[in-house]
Amino acid sequence: MLEVNKITFSYGNTKVLENISFTAGIGDHLSIIGESGSGKSTLLKLLYGKYDLDQGEVLWNKTKILGPKFNLVVGYDFMKYVAQEFDLMPYTSVAENIGQFLSSFYPKEKDERINDLLKVVELTNFRSTKVKLLSGGQKQRVAIARALAKAPEILLMDEPFSHIDNFKKNSLRRNVFSYLKEKNITCILATHDKDDVLAFSDEILVLDKGIIINQGSPQKLYNTPGKIKTAAFFSEFNCFKSTHFNTLNIKSNSSEIICYTHQIILDNDSKSKAFVIDNFFKGSHYIVKVNFNGEAIRFNHFEPLKKESEIGFTVTQFSEL
726 MLEVNKITFS YGNTKVLENI SFTAGIGDHL SIIGESGSGK STLLKLLYGK
776 YDLDQGEVLW NKTKILGPKF NLVVGYDFMK YVAQEFDLMP YTSVAENIGQ
826 FLSSFYPKEK DERINDLLKV VELTNFRSTK VKLLSGGQKQ RVAIARALAK
876 APEILLMDEP FSHIDNFKKN SLRRNVFSYL KEKNITCILA THDKDDVLAF
926 SDEILVLDKG IIINQGSPQK LYNTPGKIKT AAFFSEFNCF KSTHFNTLNI
976 KSNSSEIICY THQIILDNDS KSKAFVIDNF FKGSHYIVKV NFNGEAIRFN
1026 HFEPLKKESE IGFTVTQFSE L
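Numbering (my numbering), first residue to last: 726 to 1046.
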């Protein structure tokens, strides 16, 4: 089990993380989300032992993770870290990079291991290609495979699919996260992409300015985000203040509620009236932007609505702030 106990860290006089605590069990998938500069990447580096903590401790199965003051070589054999900058050998092949730290004493087993990982990251046809000839996304996939080569107990990944195009990204996510679950490898993932998180995470931490502002399962945080920055990560949403509750037929003790665009429906019998400003095609639907009492509101609809026309709408679900 990974145990993070009240850790604090600063760059010089600038505090980056403060009083961070959480746990992750064997085989768990924990995602860390937050805006750029919220401390996601720094937290992963602290878990890996790249920096020394100001306060607190990090333990993996009761082994204390220590920084460069205590370790001549950063890192531990049971833990691998896939950074945003992948440190590959450019003039050797993809296979040689993946097998870099594998023993050559049993060449057949080594070769089979490399082939298995090439399938996971969908690079079988690039086995003999020199890394310098690969795209950024392909290099990122090599870095993931190399991190998995020696079967780590825990894998830390910082934006692992950020360089990978949409043609490959979805299938690659499924391959990698399924492989980690199958092998019971704990995964700690820092990302800005909700598609890395919703379908695969067991738990989510939301960081904001170096502190945890929200924590829970994907279902819990999506359905009851409780905070604007949590909702904003998942989807477009609307805010309504209590002065609008009567018009919207909403009963809440909160002073403000939020609802996603799919939680508003067209309802011309409603007393909540608005005027259409614009329509935005999203593939499976349109997002309709309307003026409601001087405020811009957005909701999903299966077809565009005539600009400047008056419509009625109903909020079907909401979450309190």
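Hints in this document: simulated from the structure, not taken from any laboratory.
Owing to the predicted nature of the structure, the values given are computational and were not obtained by experimental measurement.
No residue lacks a Cβ here, since even glycine has one placed at the ideal position from N, Cα and C.
There could be a bad hint or two in this list.
Claimed, not checked - Just the calculated beta-carbon pair ranges, DEER-fashion:
1. 826 with 980: 52 to 58 angstroms
2. 854 with 731: 43 to 49 angstroms
3. 938 with 730: 15 to 21 angstroms
4. 760 with 737: 18 to 24 angstroms
5. 860 with 760: 25 to 31 angstroms
6. 831 with 858: 39 to 45 angstroms
7. 980 with 740: 29 to 35 angstroms
8. 948 with 794: 39 to 45 angstroms
9. 782 with 850: 53 to 59 angstroms
10. 744 with 800: 23 to 29 angstroms
Claimed, not checked - Listed next, the in silico PhoX-like pairs over lysine-lysine satisfying Cα-Cα at most 20 angstroms (straight line):
11. 787 with 775
12. 770 with 731
13. 875 with 844
14. 966 with 1032
15. 1031 with 1007
16. 1014 with 1031
17. 934 with 835
18. 864 with 908
19. 976 with 952
20. 954 with 919
21. 996 with 976
22. 844 with 794
23. 908 with 934
24. 906 with 844
25. 794 with 770
26. 844 with 833
27. 934 with 731
28. 770 with 1007
29. 740 with 775
30. 954 with 966
31. 893 with 875
32. 976 with 954
33. 894 with 906
34. 789 with 919
35. 919 with 945
36. 966 with 976
37. 775 with 731
38. 835 with 855
39. 934 with 966
40. 919 with 875
Structure-based check of each hint:
{"no.": "1", "hint": "826 with 980: 52 to 58 angstroms", "result": "holds, 56 angstroms"}
{"no.": "2", "hint": "854 with 731: 43 to 49 angstroms", "result": "holds, 46 angstroms"}
{"no.": "3", "hint": "938 with 730: 15 to 21 angstroms", "result": "holds, 19 angstroms"}
{"no.": "4", "hint": "760 with 737: 18 to 24 angstroms", "result": "holds, 21 angstroms"}
{"no.": "5", "hint": "860 with 760: 25 to 31 angstroms", "result": "holds, 28 angstroms"}
{"no.": "6", "hint": "831 with 858: 39 to 45 angstroms", "result": "violated, 29 angstroms"}
{"no.": "7", "hint": "980 with 740: 29 to 35 angstroms", "result": "holds, 30 angstroms"}
{"no.": "8", "hint": "948 with 794: 39 to 45 angstroms", "result": "holds, 44 angstroms"}
{"no.": "9", "hint": "782 with 850: 53 to 59 angstroms", "result": "violated, 45 angstroms"}
{"no.": "10", "hint": "744 with 800: 23 to 29 angstroms", "result": "holds, 25 angstroms"}
{"no.": "11", "hint": "787 with 775", "result": "holds, 19 angstroms"}
{"no.": "12", "hint": "770 with 731", "result": "holds, 16 angstroms"}
{"no.": "13", "hint": "875 with 844", "result": "holds, 16 angstroms"}
{"no.": "14", "hint": "966 with 1032", "result": "violated, 26 angstroms"}
{"no.": "15", "hint": "1031 with 1007", "result": "holds, 17 angstroms"}
{"no.": "16", "hint": "1014 with 1031", "result": "holds, 11 angstroms"}
{"no.": "17", "hint": "934 with 835", "result": "violated, 44 angstroms"}
{"no.": "18", "hint": "864 with 908", "result": "violated, 23 angstroms"}
{"no.": "19", "hint": "976 with 952", "result": "holds, 19 angstroms"}
{"no.": "20", "hint": "954 with 919", "result": "holds, 13 angstroms"}
{"no.": "21", "hint": "996 with 976", "result": "holds, 15 angstroms"}
{"no.": "22", "hint": "844 with 794", "result": "violated, 39 angstroms"}
{"no.": "23", "hint": "908 with 934", "result": "violated, 34 angstroms"}
{"no.": "24", "hint": "906 with 844", "result": "holds, 16 angstroms"}
{"no.": "25", "hint": "794 with 770", "result": "holds, 14 angstroms"}
{"no.": "26", "hint": "844 with 833", "result": "holds, 17 angstroms"}
{"no.": "27", "hint": "934 with 731", "result": "holds, 16 angstroms"}
{"no.": "28", "hint": "770 with 1007", "result": "violated, 37 angstroms"}
{"no.": "29", "hint": "740 with 775", "result": "holds, 17 angstroms"}
{"no.": "30", "hint": "954 with 966", "result": "holds, 17 angstroms"}
{"no.": "31", "hint": "893 with 875", "result": "violated, 24 angstroms"}
{"no.": "32", "hint": "976 with 954", "result": "violated, 23 angstroms"}
{"no.": "33", "hint": "894 with 906", "result": "holds, 18 angstroms"}
{"no.": "34", "hint": "789 with 919", "result": "violated, 31 angstroms"}
{"no.": "35", "hint": "919 with 945", "result": "holds, 14 angstroms"}
{"no.": "36", "hint": "966 with 976", "result": "holds, 12 angstroms"}
{"no.": "37", "hint": "775 with 731", "result": "holds, 18 angstroms"}
{"no.": "38", "hint": "835 with 855", "result": "holds, 19 angstroms"}
{"no.": "39", "hint": "934 with 966", "result": "violated, 26 angstroms"}
{"no.": "40", "hint": "919 with 875", "result": "violated, 29 angstroms"}
Hint check: violations occur at hints 6, 9, 14, 17, 18, 22, 23, 28, 31, 32, 34, 39, 40; the rest are consistent with the structure.
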